[in-house]
Every structure is written in C-alpha cells, then in structure tokens.
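Student: In case it helps, the numbering used here puts the sequence shown at residues 141 to 221.
Check the hints yourself; a few may be wrong.
Listed next, the in silico DSS-like pairs over lysine-lysine satisfying Cα-Cα at most 27 Å (straight line) [to be verified]:
(1) Lys168 with Lys184
(2) Lys184 with Lys171
(3) Lys209 with Lys148
(4) Lys184 with Lys209
(5) Lys209 with Lys171
Here are the simulated distance ranges between beta carbons [stated by the list, open to error]:
(6) Asp203 with Gly161: 19 to 27 Å
(7) Ser206 with Trp179: 16 to 24 Å
(8) Arg152 with Asn204: 29 to 37 Å
(9) Asp172 with Lys148: 25 to 33 Å
In case anyone wonders, no lab produced these hints; they're calculated from the structure.
Glycine included, each C-beta is placed from N, C-alpha and C at the ideal position.
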Amino acid sequence: MAKSNIPKRPTRDEFELEELGNQLVEAKEDKDVRVLTVWGEAEKVRGRITVLDSRTRLVHVEDNCSIRKIPFLDIMRVSYA
Numbered sequence: 141m142a143k144s145n146i147p148k149r150p151t152r153d154e155f156e157l158e159e160l161g162n163q164l165v166e167a168k169e170d171k172d173v174r175v176l177t178v179w180g181e182a183e184k185v186r187g188r189i190t191v192l193d194s195r196t197r198l199v200h201v202e203d204n205c206s207i208r209k210i211p212f213l214d215i216m217r218v219s220y221a
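Use the sequences and the hints to build the structure in full.
Tutor: Laid out in structure tokens, this is it:
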C-alpha cells in the first residue's frame, strides 16, 4: 500500500487545547472580530465567533453575513484583528 502524502494535523496537549478554548470563549463573549489560523488553509479566517457548539465541536464564525463552521481541532491560533 502507498503511504498518504497528506500531512497530519499537529498534536497538542490538553493545556494548549484548554487555552485555545478559553480564547474562543472570551472572543465570543467580547463579540470582537478575531483572526483564526486554521490548519490546512492558506488564508486566515476573520470574523466574529457566534456559536461554540460543544456537541458537534464546531466553531461558528460570522463575517459579512456568512457563517463558516470550523472544527475546533483545526484551529491553530486565535489573534486580534
């Protein structure tokens, strides 16, 4: 069998994931525009965090009346716009 050439998502420990979760909660509560670095995407995602869905583990980001749903584990970094 041939090996897959798709790079795997970097692993992070529970402390990094907890810190990321805290940053996302803070961004949702502040209703500020944030910039998300998403694994596997060349461009950064910019917008307001509207929903943190714990059941599906998706983060809903709204920008210009469109909503993107990004898997929590794909978010590498949250920064201010």
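Student: For the pair we were handed, Lys184 and Lys171, check the Cα-Cα distance against 27 Å.
Tutor: 18 Å, holds
Student: Do the alpha carbons of Lys209 and Lys148 lie within 27 Å of each other, as the hint requires?
Tutor: OK: Lys209 and Lys148 at ~20 Å, within 27 Å.
Student: Hey, Lys184 versus Lys209, does the alpha-carbon distance stay inside 27 Å?
Tutor: Within the cut-off at roughly 14 Å; holds.
Student: Check the following: the C-beta atoms of Asp172 and Lys148 are separated by a distance inside 25 to 33 Å.
Tutor: Holds, at about 32 Å.
Student: Can you confirm whether the C-alpha distance between Lys168 and Lys184 stays at or below 27 Å?
Tutor: 18 Å, holds
Student: Holds or violated: Lys209 and Lys171, Cα atoms, limit 27 Å.
Tutor: 17 Å, holds
Student: Can you tell me whether the CB distance of Arg152 to Asn204 sits inside 29 to 37 Å?
Tutor: Holds - the Cβ-Cβ distance for Arg152 and Asn204, about 30 Å, lies within 29 to 37 Å.
Student: Starting from the range 19 to 27 Å, see whether the pair Asp203 and Gly161 falls in it by beta-carbon distance.
Tutor: The hinted range 19 to 27 Å holds for Asp203 and Gly161, with Cβ atoms some 21 Å apart.
Student: The hint says 16 to 24 Å between Ser206 and Trp179; measuring C-beta to C-beta, is that right?
Tutor: 21 Å, holds
Checked against the numbered hints given earlier, the structure satisfies every one of them.
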